[in-house]
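Please build the complete structure, drawing on both the sequences and the hints.
Chain residues, written in single-letter form:
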Amino acid sequence: MTSNSAILLKGIEKSYKLYHSPLARFKEALHPRKKKYFEDFYALKDINLEIPKGETWGIIGLNGSGKSTLLKIICGVIQADCGTMQVVGRIAALLELGSGFNQEYTGRQNVFFSGALADVSRSEMEKRFPEIEAFAEIGDFIDQPVKNYSSGMLMRLAFAVAVHVSPDILIVDEALAVGDARFQHKCMKKIKSFKGRSTLLLVTHDMNAVLTLCDHAVWLHEGSLIETGNPKEIVDRYTQAFYEGGPPETSIKTEDNLLVPPLPSVAKKAVTVKVEDTAASFGRGGVKIDQIALFSKERGPIEAVYGGEAVGFHLWLESLGDIKNPVVGFLVKNRLGIEIFGFNNISLRTELPPLRVGENYLVEFEFVWPLIAKDNYSISIAVADGNLESLVMHHWIHDVLTVEVLSLQEYQIGLVGVEQVQIELKLLDAEISFLN
Amino acid sequence: MPRNFFLDFIKLILSRRYLIWELIKREVAAQYIGSRLGFIWTIINPLVLILIFWFVFGFGLKAKPLNDIPFVIWLTAGMAAWFNFSEIWTRATTIIVANPHLVKKVRFPTSILPVVTVGAALVSHIVFLGLLIILLWSYHIPLTFWVIQALYYYVAMVVLVLGLSWLTASVNVFFRDTGQIVQLLLQIGFWGTPIFWDINIMPPIVQAVLKFNPIYYIVHGYRDSFIYGIPFWLHWRWGLYFWSVTALILLTGTLVFRRLRPHFADVL
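Same order as they appear, the protein sequences are chains A and B.
Under my numbering, the first residue of the first sequence carries the number 1, and numbering increases by one thereafter.
Under my numbering, the first residue of the second sequence carries the number 1, and numbering increases by one thereafter.
Errors might be hidden in some of the hints.
Mimicking DSBU-like on lysine-lysine, the simulated pairs with C-alpha atoms at most 30 Å apart in a straight line are [said to hold, decoys possible]:
| no. | chain 1 | residue 1 | chain 2 | residue 2 |
| --- | --- | --- | --- | --- |
| 1 | B | Lys-25 | A | Lys-53 |
| 2 | A | Lys-10 | B | Lys-11 |
| 3 | A | Lys-127 | A | Lys-186 |
| 4 | A | Lys-192 | A | Lys-53 |
| 5 | B | Lys-104 | A | Lys-36 |
| 6 | A | Lys-53 | A | Lys-190 |
| 7 | A | Lys-127 | B | Lys-104 |
| 8 | A | Lys-10 | A | Lys-45 |
| 9 | B | Lys-104 | A | Lys-189 |
| 10 | A | Lys-45 | A | Lys-35 |
| 11 | A | Lys-186 | A | Lys-10 |
| 12 | A | Lys-53 | B | Lys-104 |
| 13 | B | Lys-25 | A | Lys-27 |
| 14 | A | Lys-27 | A | Lys-53 |
| 15 | B | Lys-104 | A | Lys-45 |
| 16 | A | Lys-189 | A | Lys-27 |
| 17 | A | Lys-53 | A | Lys-288 |
| 18 | B | Lys-25 | A | Lys-127 |
| 19 | A | Lys-10 | A | Lys-35 |
| 20 | A | Lys-232 | A | Lys-127 |
| 21 | A | Lys-127 | A | Lys-147 |
| 22 | B | Lys-104 | A | Lys-34 |
| 23 | A | Lys-232 | A | Lys-288 |
| 24 | B | Lys-211 | A | Lys-127 |
| 25 | B | Lys-104 | A | Lys-192 |
| 26 | A | Lys-186 | A | Lys-27 |
| 27 | A | Lys-195 | B | Lys-104 |
| 28 | B | Lys-104 | A | Lys-10 |
| 29 | A | Lys-147 | B | Lys-11 |
| 30 | B | Lys-25 | B | Lys-11 |
| 31 | A | Lys-127 | A | Lys-195 |
| 32 | A | Lys-190 | B | Lys-104 |
| 33 | A | Lys-17 | B | Lys-104 |
| 34 | A | Lys-53 | A | Lys-17 |
By construction, these hints were calculated from the structure, which means they are not laboratory data.
Right, here's the structure in full:
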């Protein structure tokens with residue numbers, strides 16, 4: 001272990017033994033010759049990681065990929081079956097909401113108890129208490145039993161304690177998802193102040209947090225470490241694999257002993273969404289939209305898109321009747337159903353040639369994805385016949401595709417981002433401005 | 001290896017004494033949370049019990065004094081040791097399952113939990129011993145220098161109960177029946193140990209067998225220290241036997257605890 005790594009994991013494995021009863025587990029634990037009484041379920045397989053001091057790492061993966069198990073092993077809450085682990089320094093962990101808090105005790109009592117758990121002395125905690133209280137912003141509730149707290153308050157207090165016991169390693173498991181946007185931002189700021197001083201380990205489904213906070217990303221899938229590396233690359237490949245339904249089976253073993261899935265090529269048959277006839281669609285049926293695909297010019301088929309990225313959006317049409325003046329378009333809505341942007345060939349002042357019965361067509365839109373707030377958006381698509389005055393809808397499908405929009409900006413105000421903004425502060429000389 | 005466990009354990013207790021102290025405070029406070037009289041209950045309960053003894057055996061049954069010592073005093077001295085032992089063992093057996101949030105959610109040295117029980121039970125023990133001393137004083141029985149010897153017997157009892165607690169607390173994580181079994185053993189132990197009755201009413205063979213019960217060594221020792229002023233080395237053979245049994249229990253307890261501990265978070 002080099003002197004500047006905070007966490008070193010070698011060949012960590014954790015199998016959850018599926019015992020038929022607690023008795024079997026008990027017998028095995030005490031068996032003199034270690035007889036086995038279980039069937040293995042591998043939660044973690046051969047995990048090798050070295051996290052240097054002061055870095056921020058993000059762990060991503062689907063539910064059940066072993067992220068939380070890994071964190072619990074690093075925290076020492078559960079023990080790995082084999083492998084070696086070295087952790088240097090004091091850990092503060094936010095594994096679950098208010099973990100370690102006693103429901104019957106007041107916030108104040110729990111703060112001091114958490115300090116004792118983290119091995120911080122009473123006098124030291126007394127010094128830090130005002131800061132913790134101020135950070136948590138729960139006001140008079142600090143002297144109320146924790147059971148009366150809302151989940152947001154509990155989270156705020158737990159977070160405030162964890163960051164104020166000056167841990168060498170701070171571990172946060174999806175905890176940032178709670179709290180309003182302003183508090184989340186405050187947490188982010190606090191976490192950032194840790195960068196360089198403490199080692200940080202985040203588990204999150206929020207790709208933006210990984211992109212904006214982390215120096216390194218780790219991708220876990222079904223207990224195996226798929227890849228570690230630059231957050232943007234990992235997030236791209238992860239979201240793409242997610243879209244394709246899991247990481248590619250064929251993977252290359254590199255010298256680092258990391259599994260690196262091959263880069264997908266755009267030339268491959270585009271990953272598309274087959275459009276089924278569902279209740280969420282309507283129209284006359286003269287044209288049918290068979291499938292659609294969204295892809296990045298650089299990265300290929302995608303489910304997550306960056307603001308400012310050049311993308312293509314394709315629609316495959318099957319004409320069941322003659323369409324004289326086809327109108328094809330789509331609409332992007334945010335989670336609240338507010339229409340954010342969209343276009344069709346009329347709005348683009350482009351006339352499309354008539355569609356003939358029985359033929360198949362491909363409509364290609366190409367554009368730069370606007371700088372909209374990071375969130376999930378849905379795309380609705382439509383094909384109609386006519387013009388703006390009289391329009392016959394042939395096929396309209398609501399929310400056919402969900403797109404996660406990512407942003408490389410970590411903080412954006414409002415629904416829309418703006419490019420090339422300049423801000424400048426000028427000192428106005430009172431005399432001159434008066435003369436002018 | 002077990003030697004490492006003990007050494008590490010003592011280091012652990014010393015280094016985490018602030019945490020242990022906080023946990024003891026919690027444990028004591030938890031008993032009185034929401035009650036009006038709070039801590040006063042710690043005094044009321046043993047006081048009423050001793051008053052009942054005094055009334056029943058002093059006036060009602062007119063129990064005969066043993067070696068010129070009033071029965072109620074003889075009983076209270078033995079009872080003090082037994083109550084403390086049974087309180088610790090009962091609580092410690094369930095203390096791991098009672099604190100799943102500490103086992104599963106945070107980094108926490110589980111092995112100190114029985115120590116916390118010992119510390120929390122010390123409060124009521126001291127109250128009980130205080131009442132015993134008042135009782136001695138009221139009967140004009142002088143306290144001797146040998147009272148200090150009770151400390152030796154207390155430590156002996158703590159070592160024994162820690163061994164038992166590590167064993168039953170860890171097994172209880174897997175089988176919740178353990179708590180019930182401990183209750184049953186304590187019931188049998190209470191009547192099987194010469195606490196309420198004098199061992200001399202038994203035939204010599206039975207007396208010899210009864211001395212195999214390690215708790216009786218403690219009960220007897222408390223009486224020796226508070227009442228009779230008999231030094232413990234006068235029955236050194238018995239002491240040797242007690243420490244052998246205690247060492248065996250402690251070894252078993254720590255071995256089982258160490259083996260089962262990695263599974264606690266998974267089973268709870």
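Hints and how they fare:
Taking the CA atoms of Lys-25 (chain B) and Lys-53 (chain A), the gap is near 37 Å; set against the 30 Å cutoff, the hint is violated. For the suggested pair Lys-10 (chain A) and Lys-11 (chain B), the alpha carbons sit about 28 Å apart, so the restraint of at most 30 Å is met. For a cut-off of 30 Å, the pair hint linking Lys-127 (chain A) to Lys-186 (chain A) stands: about 22 Å separates their Cα positions. Restraint check for Lys-192 (chain A) and Lys-53 (chain A): satisfied, since their Cα atoms lie roughly 15 Å apart, inside the 30 Å limit.
Distance check on the hinted pair: Lys-104 (chain B) and Lys-36 (chain A) sit about 24 Å apart at the alpha-carbon level, within 30 Å; holds. The straight-line distance between the Cα atoms of Lys-53 (chain A) and Lys-190 (chain A) is roughly 18 Å, inside the 30 Å bound, and the hint therefore holds. About 29 Å separates the Cα atoms of Lys-127 (chain A) and Lys-104 (chain B), which keeps this hinted pair within 30 Å; it holds. Our distance criterion of 30 Å between C-alpha atoms is met by Lys-10 (chain A) and Lys-45 (chain A), whose separation comes to about 11 Å.
Between Lys-104 (chain B) and Lys-189 (chain A) the alpha-carbon distance is near 29 Å, which keeps this suggested pair within the 30 Å criterion. Of the pairs offered as hints, the one joining Lys-45 (chain A) and Lys-35 (chain A) holds, with about 22 Å between alpha carbons and a cut-off of 30 Å not exceeded. A threshold of 30 Å between alpha carbons decides the hint, and for Lys-186 (chain A) with Lys-10 (chain A) the separation of about 35 Å lies outside it, so the pair is violated. Note on Lys-53 (chain A) and Lys-104 (chain B): the hinted pairing holds, with a Cα-Cα distance of about 26 Å set against a maximum of 30 Å.
Annotation: proposed proximity of Lys-25 (chain B) to Lys-27 (chain A) is violated, straight-line Cα distance about 36 Å (limit 30 Å). The straight-line distance between the Cα atoms of Lys-27 (chain A) and Lys-53 (chain A) is roughly 41 Å, outside the 30 Å bound, and the hint therefore fails. Restraint check: the Cα-Cα separation between Lys-104 (chain B) and Lys-45 (chain A) comes to about 22 Å, which is no more than 30 Å; the hinted pair holds. Between Lys-189 (chain A) and Lys-27 (chain A) the CA atoms are separated by roughly 50 Å; this puts the pair beyond 30 Å, and the hint is violated.
The suggested pairing of Lys-53 (chain A) with Lys-288 (chain A) is violated, with an alpha-carbon distance near 57 Å, which exceeds 30 Å. The hinted pair formed by Lys-25 (chain B) and Lys-127 (chain A) meets the criterion: a straight-line CA distance of about 21 Å does not exceed 30 Å. In summary, the hint linking Lys-10 (chain A) to Lys-35 (chain A) is supported, as the alpha carbons are separated by about 25 Å, within the 30 Å threshold. Distance check on the hinted pair: Lys-232 (chain A) and Lys-127 (chain A) sit about 40 Å apart at the alpha-carbon level, beyond 30 Å; violated.
Under the criterion of a C-alpha separation no larger than 30 Å, the hint pairing Lys-127 (chain A) with Lys-147 (chain A) is consistent with the structure, at around 26 Å. Only pairs whose Cα atoms come within 30 Å are accepted, and Lys-104 (chain B) paired with Lys-34 (chain A) is accepted, the gap being roughly 25 Å. With a C-alpha separation of about 37 Å, the suggested pairing of Lys-232 (chain A) with Lys-288 (chain A) is violated against the 30 Å cut-off. For the proposed pair Lys-211 (chain B) and Lys-127 (chain A), the alpha carbon gap of about 55 Å is over 30 Å, so the pair is violated.
As the CA atoms of Lys-104 (chain B) and Lys-192 (chain A) are separated by approximately 28 Å, the hinted pair is consistent with the 30 Å bound. Distance restraint check for Lys-186 (chain A) and Lys-27 (chain A): the Cα-Cα separation of roughly 50 Å exceeds the 30 Å cut-off, and the hinted pair is therefore not satisfied. Between Lys-195 (chain A) and Lys-104 (chain B), the direct Cα distance comes to roughly 28 Å. Compliance with the 30 Å bound is thereby established for this hinted pair. The hinted pair formed by Lys-104 (chain B) and Lys-10 (chain A) meets the criterion: a straight-line CA distance of about 23 Å does not exceed 30 Å.
Annotation: proposed proximity of Lys-147 (chain A) to Lys-11 (chain B) is violated, straight-line Cα distance about 35 Å (limit 30 Å). With a C-alpha separation of about 21 Å, the suggested pair Lys-25 (chain B) and Lys-11 (chain B) falls inside the 30 Å cut-off, and the hint holds. For a cut-off of 30 Å, the pair hint linking Lys-127 (chain A) to Lys-195 (chain A) stands: about 23 Å separates their Cα positions. Restraint check for Lys-190 (chain A) and Lys-104 (chain B): satisfied, since their Cα atoms lie roughly 26 Å apart, inside the 30 Å limit.
With a CA separation close to 17 Å, the supplied pair Lys-17 (chain A) and Lys-104 (chain B) stays within the 30 Å bound. Annotation: proposed proximity of Lys-53 (chain A) to Lys-17 (chain A) is violated, straight-line Cα distance about 33 Å (limit 30 Å).
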